[in-house]
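**Q** Chain by chain, the residues:
Number of protein chains: 2
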Amino acid sequence: MSTTGFDYSKVFASNVPQPAARWTGFPRYNFVGGHNDPEAIPLDGLAKAAASALLREGKLLATYGLGQGALGYTGLREFIARKSSSHRGIEATPDDVLVTIGSMQGIDLVNRLLVEPGDTVIVESLSFHGALAKLRKIGATIIGAPLDEHGLRIDALETILRDLKGRGVRPKYIYTIPTIQNPTGSVLPLDRRHGLIALAREYGVPIFEDECYADLVWAGSAPPALYALDPAQVIHIGSFSKSLAPSLRLGFAIAPPDVLGRLVALRSDGPGALEQLVVAEYFTHHFDDHVQRLTIGLRAKLDTLVDALAREFGAAVEFNLPDGGIYLWVRLPEGVDVRRLIKPAAEAGVAFNPGPEWAVDPEAAASSLRLCFALPSHEAIREGIAAFARVSAEQTGIPARSANVAARTVAAQ
Amino acid sequence: MSTTGFDYSKVFASNVPQPAARWTGFPRYNFVGGHNDPEAIPLDGLAKAAASALLREGKLLATYGLGQGALGYTGLREFIARKSSSHRGIEATPDDVLVTIGSMQGIDLVNRLLVEPGDTVIVESLSFHGALAKLRKIGATIIGAPLDEHGLRIDALETILRDLKGRGVRPKYIYTIPTIQNPTGSVLPLDRRHGLIALAREYGVPIFEDECYADLVWAGSAPPALYALDPAQVIHIGSFSKSLAPSLRLGFAIAPPDVLGRLVALRSDGPGALEQLVVAEYFTHHFDDHVQRLTIGLRAKLDTLVDALAREFGAAVEFNLPDGGIYLWVRLPEGVDVRRLIKPAAEAGVAFNPGPEWAVDPEAAASSLRLCFALPSHEAIREGIAAFARVSAEQTGIPARSANVAARTVAAQ
Numbered sequence: 001m002s003t004t005g006f007d008y009s010k011v012f013a014s015n016v017p018q019p020a021a022r023w024t025g026f027p028r029y030n031f032v033g034g035h036n037d038p039e040a041i042p043l044d045g046l047a048k049a050a051a052s053a054l055l056r057e058g059k060l061l062a063t064y065g066l067g068q069g070a071l072g073y074t075g076l077r078e079f080i081a082r083k084s085s086s087h088r089g090i091e092a093t094p095d096d097v098l099v100t101i102g103s104m105q106g107i108d109l110v111n112r113l114l115v116e117p118g119d120t121v122i123v124e125s126l127s128f129h130g131a132l133a134k135l136r137k138i139g140a141t142i143i144g145a146p147l148d149e150h151g152l153r154i155d156a157l158e159t160i161l162r163d164l165k166g167r168g169v170r171p172k173y174i175y176t177i178p179t180i181q182n183p184t185g186s187v188l189p190l191d192r193r194h195g196l197i198a199l200a201r202e203y204g205v206p207i208f209e210d211e212c213y214a215d216l217v218w219a220g221s222a223p224p225a226l227y228a229l230d231p232a233q234v235i236h237i238g239s240f241s242k243s244l245a246p247s248l249r250l251g252f253a254i255a256p257p258d259v260l261g262r263l264v265a266l267r268s269d270g271p272g273a274l275e276q277l278v279v280a281e282y283f284t285h286h287f288d289d290h291v292q293r294l295t296i297g298l299r300a301k302l303d304t305l306v307d308a309l310a311r312e313f314g315a316a317v318e319f320n321l322p323d324g325g326i327y328l329w330v331r332l333p334e335g336v337d338v339r340r341l342i343k344p345a346a347e348a349g350v351a352f353n354p355g356p357e358w359a360v361d362p363e364a365a366a367s368s369l370r371l372c373f374a375l376p377s378h379e380a381i382r383e384g385i386a387a388f389a390r391v392s393a394e395q396t397g398i399p400a401r402s403a404n405v406a407a408r409t410v411a412a413q
Numbered sequence: 001m002s003t004t005g006f007d008y009s010k011v012f013a014s015n016v017p018q019p020a021a022r023w024t025g026f027p028r029y030n031f032v033g034g035h036n037d038p039e040a041i042p043l044d045g046l047a048k049a050a051a052s053a054l055l056r057e058g059k060l061l062a063t064y065g066l067g068q069g070a071l072g073y074t075g076l077r078e079f080i081a082r083k084s085s086s087h088r089g090i091e092a093t094p095d096d097v098l099v100t101i102g103s104m105q106g107i108d109l110v111n112r113l114l115v116e117p118g119d120t121v122i123v124e125s126l127s128f129h130g131a132l133a134k135l136r137k138i139g140a141t142i143i144g145a146p147l148d149e150h151g152l153r154i155d156a157l158e159t160i161l162r163d164l165k166g167r168g169v170r171p172k173y174i175y176t177i178p179t180i181q182n183p184t185g186s187v188l189p190l191d192r193r194h195g196l197i198a199l200a201r202e203y204g205v206p207i208f209e210d211e212c213y214a215d216l217v218w219a220g221s222a223p224p225a226l227y228a229l230d231p232a233q234v235i236h237i238g239s240f241s242k243s244l245a246p247s248l249r250l251g252f253a254i255a256p257p258d259v260l261g262r263l264v265a266l267r268s269d270g271p272g273a274l275e276q277l278v279v280a281e282y283f284t285h286h287f288d289d290h291v292q293r294l295t296i297g298l299r300a301k302l303d304t305l306v307d308a309l310a311r312e313f314g315a316a317v318e319f320n321l322p323d324g325g326i327y328l329w330v331r332l333p334e335g336v337d338v339r340r341l342i343k344p345a346a347e348a349g350v351a352f353n354p355g356p357e358w359a360v361d362p363e364a365a366a367s368s369l370r371l372c373f374a375l376p377s378h379e380a381i382r383e384g385i386a387a388f389a390r391v392s393a394e395q396t397g398i399p400a401r402s403a404n405v406a407a408r409t410v411a412a413q
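Those protein sequences? They're chains A and B, same order as listed. If you use the UniProt record's numbering, the first sequence closes out at 413, no skipped numbers anywhere. If you use the UniProt record's numbering, the second sequence closes out at 413, no skipped numbers anywhere.
Treat each hint with caution, since some may be false.
For chains that are exact copies, the list does not tell them apart, and a pair is met inside one copy or across any two.
Unchecked claim - Each computed DSS-like pair below joins lysine-lysine, with the alpha-carbon atoms no more than 25 Å apart:
#, residue 1, residue 2
1, Lys59, Lys134
2, Lys343, Lys83
3, Lys10, Lys343
4, Lys83, Lys48
5, Lys343, Lys165
6, Lys10, Lys134
7, Lys48, Lys59
Derived from the structure by calculation, the hints contain no laboratory data.
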């Protein structure tokens, strides 16, 4: 038999992507993505939870969906319902909860339920890269709704809705991250939440509320979820990626029965049962103390990041302190295009998320970047920001002085 | 604010499904689906594996993909590569392995890579319901390749390939379950494996090999996987659903780099990391003894099922004893349409998989049904088959006598 390779390109479907690049490891100073703090993973607690849950309910693993249907493990849905009530003001039963493969599956399913090519959606002008990428792939028309330091501007949203209505367009949803906005870190005040819901009702547009980060509020609590204020008008999603660990791939959706039952019908698979068992067991006993410990650690890392930026960049960077979460959204002076810094920064071991990827209008965020401070150690944060400042100074002349050393720009060398 | 509900139907995309039915629990005698034996779940072993893996590598959970890239947990890919070599003759490195969300994600991704509406695929005339359903949803033209008691008939396949070539059609793949065929339970002999590969090469058609059940061979070993015989021509998928537990949602794909890298690029999410850690840890130490214990138990349940069928149905049913796995494919006399038995059987607490759902030509399998014997206890198998025989006798007059009691058909009452 011949050992020559078969040419698969002869049978590829149209528009198949190029092969993914081979994995070459994380950069030394990794401010990218939504990773969490490795030191905050409760190793002992999870090991004990795994043992308890397995010995009590492990036989259920032999049946698809633990023999409990398509919504997910009952124990986890019970915890989600309880936590959503106590922490987010949401009145939901376990039957109103769908456990998803991260919150990303929730976004995928809601898009499949509501959004077709050419449909219009309203998204905060700065928003989650993954949500924007999915909508662009679908071919949706994305309208960016302006933000200020407290989140969505209700007056501006009203103008958008009125304008769309005047053109006969009903948007499929308003996608918002009201509680620790991604990337800006703001928490939408209660009066704006009421204003948002009133507008959504007036214009007959559902709200798609993404509360992935809502557990990580510095103040310990935030205004109630939008879903709590109007369950009929809101599809709510959340995640355990930020409150526990992103590699678990566990999220959830809470929605009216008419919606939830269709999200179930649309999906072909759910998350693994062992993770559901273990997370339910651990969080049923340790949610508040774990999240409190995690949040204290994250806030300390934010302090380190802010100090490092002040020391290295001085007045050359601007940011609003986030109300929680794992990101700092940083603006460099106008005229700097952070996309030009990606490669030289990578060569210096520094990775960051360029602002344009987090923006409905990429050019409007050309000078901004998102820094995730959860994964790197305090030392790596300090060293990484110093390295980034050197790269930035070389490439752009900004900062002009870094840690009291004047920049030598590439041009000046 | 009004509390009336929002009418989501105004914003639904076209062709959204009806809401999934609410879960009402398993039937009493459950011969449906691919569930496993609850008594064979290694509770202690998994609990210990969870503790070891978490304490050693749990911090990795803080990073997406355990900080190891998109293929999956390195430890699990190492185990899969080792096991595929020792048990299936496959020479693969961990970088040739993609860990998937069950084998179903493998099927989805391979379809997205290769199959578009109107494309032709060759599938064994009786095959996995899920694979058939996906292909029908895509709108592929499915050609059924005849089977006999040893699996795919190579002569018949050649006729199909020649005929298609004569019409200018190159099928996108030949989907086969060579080792414990689903639903028939056969193992394809080595000479047919070579014949299949020779045909695939001659006609330039990739083989899509599904080895979900290959770990559960009664004889302990089977001929090498097709992938082992010709890695360039075969895309290979497998699963931990049958060798361990279906609710884990862990499977894998092994494929040439050109294919594997594109499967990675096509998917938006992978399986949970905790399950990967735990299964790698457990199976690295206990694969052979676990699978041996599991298989012995399954074979005993098959014996109970075969005894019960003989007692209740006598000569009215036909089947070939499977070479392993969890299914028995049963033929009732021609003229019986098992679809008419679904409802009355359900009323008697008995659920089975109707043959037509496992067939490229549903009508040709109208008298067949698939019984999964892994989940029910020995007692439930006996009682369930007795209950099913009563239903069948009432509805069809077959069996005419059951456990020495003559049937009273519905018509005769």
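**Q** Give me the numbers of the hints this structure contradicts, sorted from smallest to largest.
**A** Those not satisfied are hints 1, 2, 3, 5.
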